[in-house]
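J.: Assemble the whole structure, with the sequences as input and the hints as a guide.
Quick note on numbering: the working numbering labels position 131 of the sequence shown as 133, and the sequence is numbered without any gaps.
Just so you know, not all the hints are guaranteed correct.
Mimicking DSSO-like on lysine-lysine, the simulated pairs with C-alpha atoms at most 30 Å apart in a straight line are [claimed, not checked]:
no.	residue 1	residue 2
1	K76	K109
2	K27	K16
3	K27	K76
4	K108	K76
5	K108	K16
6	K76	K16
7	K16	K109
No wet-lab data here; the hints were simulated from the structure.
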Amino acid sequence: MTISLRRARTIIRKALEKGREMELKPLSVVVLDAGGHVQAFEREDGAAPGRFPIAHGKAYGAVMLGMAGTAQMKRAEDQAYFMAAVNGVYGGQVIPVPGGVLVRDKKGTVIGAVGVTGDTSDNDAIAAMAGIDAVGLTGEI
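T.: Right under this line is the structure:
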């Protein structure tokens, strides 16, 4: 299973709706497939133009390491050298903070990741989960 374009767009739409409901700052949302490739991306009006690489870095780290943003942050705090090495391997593309959410299918297989940025990392993760929940998949914060 993979995340279809239709599902990716729904994830984004629902994540942005959650952001508006929570009165968050303008968000940017990316959905990656299991190989780390962009399936869809949107940046809300008013969001900083540099938000794509941040959203991508959150999701990319999650899918490439099989480790959600919260776990990556803990690992960075406990073993900074490990995350520094990981970022070296992946060309500096990993941003190890909440807001990078692994997406699993009903069998528990990782099928992609969602990256949200624009507000606090914890709020970004909440918005991501709203999108993932809306399409009946399982998110891992």
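J.: Evaluate each hint against the coordinates.
T.: Each hint tested on the structure:
1. Note on K76 and K109: the hinted pairing holds, with a Cα-Cα distance of about 26 Å set against a maximum of 30 Å.
2. Using a Cα cut-off of 30 Å, the hinted pair K27 and K16 holds, with the two alpha carbons roughly 15 Å apart.
3. For the proposed pair K27 and K76, the alpha carbon gap of about 25 Å is at most 30 Å, so the pair holds.
4. Our distance criterion of 30 Å between C-alpha atoms is met by K108 and K76, whose separation comes to about 26 Å.
5. Restraint check: the Cα-Cα separation between K108 and K16 comes to about 20 Å, which is no more than 30 Å; the hinted pair holds.
6. Simply put, K76 and K16 have alpha-carbon atoms about 28 Å apart, close enough for the 30 Å limit, and the pair holds.
7. Taking the CA atoms of K16 and K109, the gap is about 23 Å. The hint holds against a cut of 30 Å.
No hint from the list above goes unmet by this structure.
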